[in-house]
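Novice: Spelled out, the chains give:
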Amino acid sequence: MAPSPPVDLQLAHDHGLSTDEYNQIVQTLGRSPTFEELGVFSVMWSEHCSYKSSRHFLRRLPTTGPAILQGPGENAGIVDLGEGLAAVFKIESHNHPSFIEPYHGAATGVGGILRDIFTMGARPVASLNSLRFGAIDHPRTSQLVKGVVAGIGGYGNSVGVPTVGGEVYFDSGYNGNILVNAFTLGIARADRIFRARAAGVGNPVIYVGSRTGRDGIHGASLLASREFDERSEELRPAVQVGDPFTENVLIEACLELMQHDLIVGIQDMGAAGLTSSSVEMADRGEAGIVLTLDDVPTREEEITPYELLLSESQERMLIVAKDGCEEAVKAVFDKWGLQAVVIGEVTDDGLFRTIWHGEEVVRIPVPALTSEAPVYERRAEQPSDLVQRQQLDLTAFPLPTDYAEVLSTLVTTPNIASKEWVYRQYDSLVGGNTVVQPGSDAAIIRLKESNKGIGISVDCNSRYCALDPYRGAAIAVVESARNLAVSGAKPVALSDCLNFGNPEKPEVMWQFTQAIDGIRDACEALELAVVSGNVSFYNETDGRAIPPTPTIAMVGILEDVTQHVTQWFKHTGDIIVLLGETHEELGASEYLAVIHEQECGVPPMLDLEREKQLQQICLQACRERLFSSAHDVAEGGLAVALAESCITNPHSALGARVSLQGDLRPDALLFGESQSRVVVSVQPDRWPQLQELLQSDGLPHTVLGEVGGTELEILGHLKISAASLRNQWRAALGRQLT
Amino acid sequence: MLAKVYVTPKKAILDPQGKAIALSLHALAYAEVGEVRMGKYLEVQLTGLSHQQAEQRVEEMCQRLLANSVTEDFRFEIVEE
Amino acid sequence: MLAKVYVTPKKAILDPQGKAIALSLHALAYAEVGEVRMGKYLEVQLTGLSHQQAEQRVEEMCQRLLANSVTEDFRFEIVEE
Amino acid sequence: MKWGIVTFPGSNDDRDAWYCLEAVLGQEAVLLWHKDQDLQGVEAIVLPGGFSYGDYLRAGALARFSPIMHSVVDFANAGGPVLGVCNGFQILCESGLLPGALVRNRSLSFICEWVSIRVETTRTRFTSACSAGECLSIPIKHGEGCYVADTDTVQSLTDNDQIVFRYVNETGAAERAANPNGALHNIAGVTNPNGNVVGLMPHPEHAVEALLGGEDGRKLFTSVFI
Ligand SMILES: Nc1ncnc2c1ncn2[C@@H]1O[C@H](COP(=O)(O)OP(=O)(O)O)[C@@H](O)[C@H]1O
Ligand SMILES: [Mg+2]
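First to last, the sequence lines map onto chains L, R, C and S.
If you use numbering that gives the first Met the number 0, the first sequence corresponds to residues 0 to 737, in order.
If you use numbering that gives the first Met the number 0, the second sequence corresponds to residues 0 to 80, in order.
If you use numbering that gives the first Met the number 0, the third sequence corresponds to residues 0 to 80, in order.
If you use numbering that gives the first Met the number 0, the fourth sequence corresponds to residues 0 to 225, in order.
No lab work stands behind these hints: they were computed from the structure.
A hint or two may mislead.
Derived EDC-like pairs (lysine to aspartate or glutamate); straight-line CA-CA distance at most 16 Å [said to hold, decoys possible]: (1) C/Lys39 / R/Glu42; (2) L/Lys334 / S/Asp35; (3) R/Lys10 / L/Glu301; (4) L/Lys489 / L/Glu526; (5) S/Lys34 / L/Asp333; (6) R/Lys3 / C/Glu79; (7) C/Lys39 / R/Glu71; (8) C/Lys10 / R/Glu79; (9) L/Lys611 / L/Glu580; (10) R/Lys39 / C/Glu58; (11) L/Lys447 / S/Glu112; (12) C/Lys18 / R/Glu71; (13) R/Lys39 / C/Glu31; (14) L/Lys447 / S/Glu208; (15) R/Lys39 / C/Asp72; (16) C/Lys9 / R/Glu42; (17) C/Lys3 / R/Glu31; (18) R/Lys10 / L/Glu299; (19) R/Lys3 / C/Glu59; (20) C/Lys39 / R/Asp72; (21) R/Lys10 / L/Asp333; (22) R/Lys10 / C/Glu42; (23) L/Lys418 / S/Asp35; (24) R/Lys3 / R/Glu42.
Required output: the full structure, derived from the provided sequences and hints.
Specialist: This is how it looks when you write it as structure tokens:
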């Protein structure tokens, strides 16, 4: 085996550590670190594991509430569902790996988030994903989309967790950095939550799951460097490849294990594998941990202790068992054909220690890797060109002559076109709980154990965020909440995935802090808590950062799942009503971007009080079963929302005849994206009751017209066959992805 | 002319299929079986190329499409039929 | 000892993967490409067998597990390393 | 009536089939572990959907050798009703209990959607409660559901009335456009000569509750016990 290289400042730099950080390490240890220790520090102090640039600002987010059982800090957040049940959920990014190898990158992203959920004792019951790709005509986009979607399906379908929703956007801002954010929700018994704690001196530390290979080792550049170049090509770090079959049995085995009283703590091995899992468990348990690396099951010969500590091989878990329960634990995993090996024990010395060939190669105080890791309050500065990009002079844009033409162009633009091409490749039914499949504003699943249901929606309009990160992030929160409210699910908590560029750049840091404040203010107004999340920085290529993308995954509850509502028109003769008001707002709209090829102006203004009022009304109307359909107005504005109400029924199209009042520019009236608006349809005999509700509450609303016929007609503006519009809308994405 | 292309998972890359197949063979009492690796085998019909051109074109096809350079190795042979 | 096993789709069975690859190759302007067939290539490590035993054992593995007689043909070679 | 649902490692819809039978249809249902041989006296068996052994090598190829399959084969040969759904259908073909094989979808991609299938024969244990020509709305979710068999096999399937379901359009016609995966003659399910072993790609256990999109799948199960 090749000898470890000498540890010096240069090597520290190769590991991505700054000079100050290296000095802090030497100071903490009172000596220079070993090669293995340097590796451990470099991963534990990496942005990914330490949140060193974001931690300070994340403290601003509201994280508590009556229904919140677990906020940020554990593997996932937990919400109380009542009746002794809890929802465990989190969203996580797998952006960089997915760009390098779309299939395996996306697949292992799904595998990783699943482990975060079942490690807490929850059975995963629903996954969603939020995807961002470059311009659809960019040479790499098509292959990336196909690879990512196949990877999400390939893993999720096989592992047996339904993929019930998500979002996909295309924007040239992602040409060099795609985003793959994966969300999973699991159901646990509120009194049977498991946490990632190492406690009880002498308790055995047990390694379970796949063997360790050289997958995704972080010191890639290093291993390929001078000291090692006699090592052959195969010894280079390898991309992680997921094994959904192993994950499938790992889930069953872990959930079965948790039925018995055998373990103290359990943690998945995610980023920085063995190192972060054991260090985090020791940290949470305020204990120490010692591992004998020689006992770690390996896939290849000649793996070094450095590689064992940093490998990111998939489908592995770390368990702290009760002393004496080793055999019982092994028996459970053996039943499922999995390996369980004791590799260490819990200590009281507060140290992370690892032994290799009888020698101590790592000896680090646990807090040095966690609470005492560097935290940066980086400089934030508004981008110099922002004000200029926010300018918008509508008089510069001539009114279109054919609005029907504009509408069909909009419903076939990749960001609005049907995502059926994507979600039909996902098993959205396994588990037998899917009440509303992909295709409506929110996914709805039922709880077998009760009458309740859960609604989930992921949203972020990154064009809004690029032009105003504060308002854009606030809108992401209210839109995902609105998607739930119009579906009958009361929003309770969210998980956020904050995707940004290089935080060492003041403009990026400014976008980040603005987005945090936007999320905070929207959450406080709507009484929502952030219970889990993930930060992904350095989404940047050749100095070009992605548009700020704070993806919001919102979870809501239906007390009675049969009260859910879908977005498409149901019956001829139903009355169509617009809830909310339309203003002359075309800034940052899909209409400007697609029809006038301009991405400028400010996003629509947001009145949080009005939004709250709207959502409460929608929830009450759903409870009283007043809506035949309800669909929030988003990209493409009112005309597109009406069109979607006509054409998104999975089986067929249904026409409508409406007239829009208002002395706005027609294009703003039709395609403006004013917030806090919902298109609903109501059976005539229920309209009086709804009208009374709206009037007593003083929510602005307008009767637009009536459902029926084969055409969508917006009097004085357009008339178009609903069936043909539906066909164009369904075929558009697949056609453009050739 | 026929190109026989063999695409195999890189040595250090996990091969879940090979692993599962090996386990099943053991279960079927083929104790003699050690590691199993599973890859792809492609037969590509070619026309109107010299052997040398074929060599160079197929090499290129493998790099561009037939093999995933991140996870797979490839080798091929050109045979006249 | 190593068994190299080649599993190919029967001529009668349509091979959508091979077809798709041929199309992509044409799209990449490899006009010389005719039909493409895609099959599996397995490498099975063997220990403690005579060459003859290996021949007979691997034949059996193919018939029982590695190939599906309805849709696939197989052939293999045993190589000493 | 007592049903057994086999859990292979990687089975996914085993719990769904159990819930369908036990909770929705009020049957007694037990999960049978793939390593066991004892069928616990069940009177009907379901080989569920999912990805047994990850579908590695070929869907169903590895599961077929699980110890429990010996008992399932004996049970089937003795005339016991056996239903193979999706991966279960693939396992039945791999183990020779049903003719033909299932290969990659023509589109090469996984497909999850509700489809319409037409009942071609009511003489099987799982279609006796249906009427011939009746169309059922049932979801499919598979990547390897393209049914293939050689010409002689197809001929004998036709001659012996062994084709049980075909994919059809909304008017009940088995046209090409209604074929989601390229299956030969739109075949969605087949049976053995006896009619006691049935395999199909669609998931009847996922079409038994109105709340979840439809109840047409019930008939396949009620056929056995009513
Ligand atoms: N990547 C995806 N995976 C699964 N479903 C998706 C994906 N992208 C979009 N969908 C589904 O397509 C429908 C439309 O998506 P979208 O237009 O983003 O909805 P909304 O604008 O209401 O948030 C939703 O039901 C969504 O769940
Ligand atoms: Mg919406």
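Novice: Indicate, hint by hint, whether the structure satisfies it.
Specialist: Evaluation of the provided hints:
no., hint, in the structure
1, C/Lys39 / R/Glu42, "11 Å, holds"
2, L/Lys334 / S/Asp35, "12 Å, holds"
3, R/Lys10 / L/Glu301, "13 Å, holds"
4, L/Lys489 / L/Glu526, "11 Å, holds"
5, S/Lys34 / L/Asp333, "12 Å, holds"
6, R/Lys3 / C/Glu79, "21 Å, violated"
7, C/Lys39 / R/Glu71, "14 Å, holds"
8, C/Lys10 / R/Glu79, "20 Å, violated"
9, L/Lys611 / L/Glu580, "14 Å, holds"
10, R/Lys39 / C/Glu58, "19 Å, violated"
11, L/Lys447 / S/Glu112, "22 Å, violated"
12, C/Lys18 / R/Glu71, "21 Å, violated"
13, R/Lys39 / C/Glu31, "22 Å, violated"
14, L/Lys447 / S/Glu208, "12 Å, holds"
15, R/Lys39 / C/Asp72, "14 Å, holds"
16, C/Lys9 / R/Glu42, "13 Å, holds"
17, C/Lys3 / R/Glu31, "15 Å, holds"
18, R/Lys10 / L/Glu299, "9 Å, holds"
19, R/Lys3 / C/Glu59, "25 Å, violated"
20, C/Lys39 / R/Asp72, "14 Å, holds"
21, R/Lys10 / L/Asp333, "27 Å, violated"
22, R/Lys10 / C/Glu42, "12 Å, holds"
23, L/Lys418 / S/Asp35, "44 Å, violated"
24, R/Lys3 / R/Glu42, "5 Å, holds"
Consistency note: the structure conflicts with the earlier hints numbered 6, 8, 10, 11, 12, 13, 19, 21 and 23.
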